[in-house]
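Engineer: Here is what each chain is made of, one letter per residue.
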Amino acid sequence: MEQIFSFHQPQRQSPKAIILILFRYLRIIVRQLWPILLVVLINPRSGRGFFITMGIMLVTFVSLIYSILAYTRYYFFIQNNELCVRSGVFRKTKLNVPFDRIQSIDFKRNVVHQFLNVVAVQVDTAGSKGSELELDAIELSQAEALREIVMKYKREQAISEIAPDAEMSESVSVTEEPPELILSLSAKDLIKIGISENHLRTAAIIFAFFLGLADDVDQLLGWDVYGELEHTTTAMSLVGVLATLLAIPLFIGLSFTITLIRTILRYYGLKFWREGQRFKVVSGLLTRNEKTISRRKIQMIRWVTSPLKQLFGIFQLNIYQAASVDQNQDKSLVIPGCYQEQIDHTLDAVVPSFREAVFTAHGMHPAIVYRMVFLFGFIPAVLFGLMAWYNDGFMQWLLVLVFPLAVWMGILYQKKRRLKIHPDYILSEAGIFGHSYKLVEIYKIQSVDISVSPLQRRRDLASLEVYTAGGDISFPYMRAEMARQVRDYILYRVERDQKSWM
Amino acid sequence: MTEEEPTIFTNTRVDITELPQADQLEMIPLEPAYKWVRMLSAALFAAAMTGGAWLFVLVQPELTPYSTVVAVLVTTLSGWMIFYNGLSFHFMSYALREKDLSFRSGWLWKSMTTVPFNRVQHCDIKQGLLDRKFGLAKLTIYTAGGQSSDLMIPGLLPDTAEKLKAFILGTTEQAVEQE
Chain S
1 MEQIFSFHQP QRQSPKAIIL ILFRYLRIIV RQLWPILLVV LINPRSGRGF
51 FITMGIMLVT FVSLIYSILA YTRYYFFIQN NELCVRSGVF RKTKLNVPFD
101 RIQSIDFKRN VVHQFLNVVA VQVDTAGSKG SELELDAIEL SQAEALREIV
151 MKYKREQAIS EIAPDAEMSE SVSVTEEPPE LILSLSAKDL IKIGISENHL
201 RTAAIIFAFF LGLADDVDQL LGWDVYGELE HTTTAMSLVG VLATLLAIPL
251 FIGLSFTITL IRTILRYYGL KFWREGQRFK VVSGLLTRNE KTISRRKIQM
301 IRWVTSPLKQ LFGIFQLNIY QAASVDQNQD KSLVIPGCYQ EQIDHTLDAV
351 VPSFREAVFT AHGMHPAIVY RMVFLFGFIP AVLFGLMAWY NDGFMQWLLV
401 LVFPLAVWMG ILYQKKRRLK IHPDYILSEA GIFGHSYKLV EIYKIQSVDI
451 SVSPLQRRRD LASLEVYTAG GDISFPYMRA EMARQVRDYI LYRVERDQKS
501 WM
Chain R
1 MTEEEPTIFT NTRVDITELP QADQLEMIPL EPAYKWVRML SAALFAAAMT
51 GGAWLFVLVQ PELTPYSTVV AVLVTTLSGW MIFYNGLSFH FMSYALREKD
101 LSFRSGWLWK SMTTVPFNRV QHCDIKQGLL DRKFGLAKLT IYTAGGQSSD
151 LMIPGLLPDT AEKLKAFILG TTEQAVEQE
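As they're listed, the protein sequences go chains S and R.
Note that my numbering numbers the first sequence so that position 365 is 365, with each residue one more than the last.
Note that my numbering numbers the second sequence so that position 111 is 111, with each residue one more than the last.
If you are wondering where the hints come from, they were derived from the structure by calculation, not from laboratory data.
Hints should not be assumed to be uniformly reliable.
Unchecked claim - No farther apart than 30 Å at their CA atoms in a straight line, the calculated lysine-lysine pairs in the BS3-like style are these:
(1) R:165 <-> S:499
(2) S:499 <-> R:99
(3) S:108 <-> S:94
(4) R:110 <-> S:416
(5) S:16 <-> S:280
What the hints assert, rightly or not - Covered by chain S, according to a simulated footprint, are these stretches of chain R (three or more residues, beta-carbon under 8 Å):
(6) 109 to 116
(7) 137 to 149
For glycine and all other residues, C-beta sits at the position ideal for the given N, C-alpha and C.
Work the whole structure out from these sequences, hints included.
Structural biologist: Below you can see the structure in the form of C-alpha cells.
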C-alpha cells in the first residue's frame with residue numbers, strides 16, 4: 001500500500017467529500033431553521049404537507065447541486081513550499097499557505113468520515129487571520145503523506161537553522177524516537193471526570209437552552225411558556241412546592257447525565273502521547289479528534305482542580321499553543337482528567353528544570369476582597385433585589401446570604417492567589433474552592449501591561465497583565481513597585497533573549 | 001540586594017534595581033490636533049445619539065415623562081463623552097526605547113502597555129477620514145499575543161508614523177537575523 005503522492009498537480013479531494021460538504025450545508029441550514037422545522041413536524045396542518053415535502057426536497061436538491069459544484073471547483077496542491085487551495089462556486093478564492101506559517105496539521109473524523117473511511121484535514125497557522133485551511137475529506141494515506149511532506153520540510157528547516165549547534169540538531173534528528181504513552185483514560189477515569197465536571201455550567205446551559213426554546217415556541221406557536229410558568233410558580237400551592245422540590249433533583253440529574261454523556265462523547269478512549277518533541281492527544285467516541293503540539297510551540301500550561309476533582313485526586317490539564325485569537329480553545333490540548341503523576345511527567349518533558357526551581361511568591365493585597373465583594377456580593381444583590389421587588393418570592397432570602405458568601409469567597413481568593421517568579425518562569429496560582437495553576441516561560445511573553453485604577457492608586461497598588469500567544473496571566477492588586485520591577489525584568493529577559501518564542 | 005527588603009526573586013545574578021526602568025522614560029505626547037479629532041468624532045457620535053433620542057421623544061409623545069428623562073440622560077452622557085475624549089487626550093503618550101515601545105493612557109484608570117520589538121508580528125498605519133482632514137495617522141503594532149496585547153498609537157504625524165514603523169521593523173529584522 002506504499003503510494004507516493006506528490007501533490008504538485010492541482011487535484012480534487014476524494015469524491016466522498018461531496019457527501020461531507022452536503023452534510024455541512026444541511027447542518028448549517030438545519031441549525032438556522034430548526035424552530036421552523038420543529039413547528040412543521042409537530043404541527044403538520046393538513047394540505048400543507050405536500051408543499052413542505054416539496055420545500056425540503058428542493059432545499060436538499062439545491063444543496064446537493066451546490067455541494068457537487070463546490071467539490072468540482074475545489075483544488076489543492078503544493079507549489080514552492082506552499083500549500084495552495086483554489087475554491088469557490090461563485091466567488092473564486094485563492095489561498096496560499098507557506099509551510100513556514102503552518103503550525104499544525106490535525107486530522108478529524110466524525111461518524112460520516114469513519115463510515116466513508118476518510119479524514120478531514122485542518123491546517124492551522126499562527127496569528128494570521130483568514131489563512132486557516134480545511135480539507136473536507138481525503139484518504140487517510142494521502143493526508144498522512146501531505147502531513148509528512150510539510151513536517152519533513154519543517155524538520156529540514158529546523159536543522160539548517162541551527163546546524164552549528166550540535167546539541168540541538170541532535171535533538172531534532174531524534175524526533176523519530178518511539179512514541180511514549182503518557183495517559184490512557186479508562187472507563188472508570190471517564191466516569192470520575194464526568195462526575196467532577198462543572199455541573200453548574202451545564203445547568204446554566206440547559207437553563208439557557210430551555211429559555212431559548214420557550215422563546216421560539218412562544219413566537220411560533222403562541223404558547224406563552226413564561227406565563228404558564230409564572231402562573232404555577234406564583235400560585236405556590238402545595239402542588240407548586242412539590243413540583244419545585246421534584247424539579248430540583250430532576251434538574252441536577254439531567255445536568256449530571258448530560259455532562260456525563262458529553263464527557264464520554266468527547267473524551268472516550270483518550271490517549272495522551274509524547275512522540276519525541278511532540279505531544280499528541282487522540283480522543284472522541286463519534287468524532288475521533290487527533291491534535292498534535294510540538295514542544296517548541298507550547299506557550300502556556302494550565303492545570304486546574306476543583307473540590308470534586310480533589311476528591312478523586314484528578315486535575316484538568318490544558319496545553320496552549322500559539323493560535324489566532326478566535327480559535328484558542330480549539331488548538332489547545334485538553335486532558336480533562338489526569339493525576340499528579342502525569343502532570344509532573346508533562347512538566348518534566350516541557351520545562352525540564354521547573355519542578356526543582358525555587359520560586360519567590362508574591363501575594364495579593366487584601367484590598368482585592370473589596371473588589372470580590374463588589375463583583376460577587378453587590379452586583380448579585382442588586383439583581384436579586386430587583387427580582388424580589390418585582391415579584392415578591394423567596395428572592396429576598398438570597399439577599400441575606402449573598403454578602404457573607406461573597407466576603408468568604410473574597411478572603412479565600414486573596415489567600416490562594418500567588419504570583420510566583422523564577423528567573424525563567426512565571427507561575428500564577430489561583431482558586432476559590434479549587435486550585436488553578438498557569439505556567440509561562442518568560443521568554444515566550446509577547447507584551448506586558450500595567451494598569452492602575454483609582455482605588456488601587458490610593459493604596460499604591462497596580463495590576464500586572466502578561467500576554468503570550470497562547471493565553472494571558474493577569475495579577476491584580478500587587479504592590480505597584482513590585483509590578484514595575486516584574487515588568488522591567490520581563491522586558492529585559494525578552495529583549496535580551498535570542499531564543500525563538502516558537 | 002538586602003535580605004529584609006522584599007525582592008521579586010532570589011537566585012539571580014541580575015540586580016533588579018539596575019534594570020532599565022520603563023517608567024523613567026521620556027514620554028512623547030501625541031499631536032495636539034489629535035485632541036480635536038477625538039472630540040470631533042465623539043461629537044459626531046453624540047450628535048447621532050442625542051438626535052435619535054429627541055426624535056423618539058417627538059415621535060412617541062405618549063411616553064413623554066419617561067422618554068424625556070432618557071433623552072436628557074443621553075444628552076448629558078453625550079456631553080460628558082465629548083469632554084472626556086478631550087480630557088483623556090492629555091493622558092496619552094508614548095515612549096520609544098532601543099528595544100521596545102510603550103504606550104500610556106487613561107485619566108482615572110491608567111494603563112501602560114509595552115511591546116518588545118522582537119515580538120512584533122507586523123505593523124500597519126491607518127488614516128481615518130478625520131485623521132486625513134487633520135493630517136494625522138495611527139500606528140498599530142500587532143503581536144502574537146492577541147488583540148488585547150496589540151499596541152495602537154493614534155495621533156501621529158504620517159511622517160513620524162512611517163519612521164516609527166521603519167524603526168520597529170528594522171529592529172525586528174535584525175533580531176531575526178541574529179537568531
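Engineer: Are there hints from earlier that the structure breaks, and if so, what are their numbers?
Structural biologist: none
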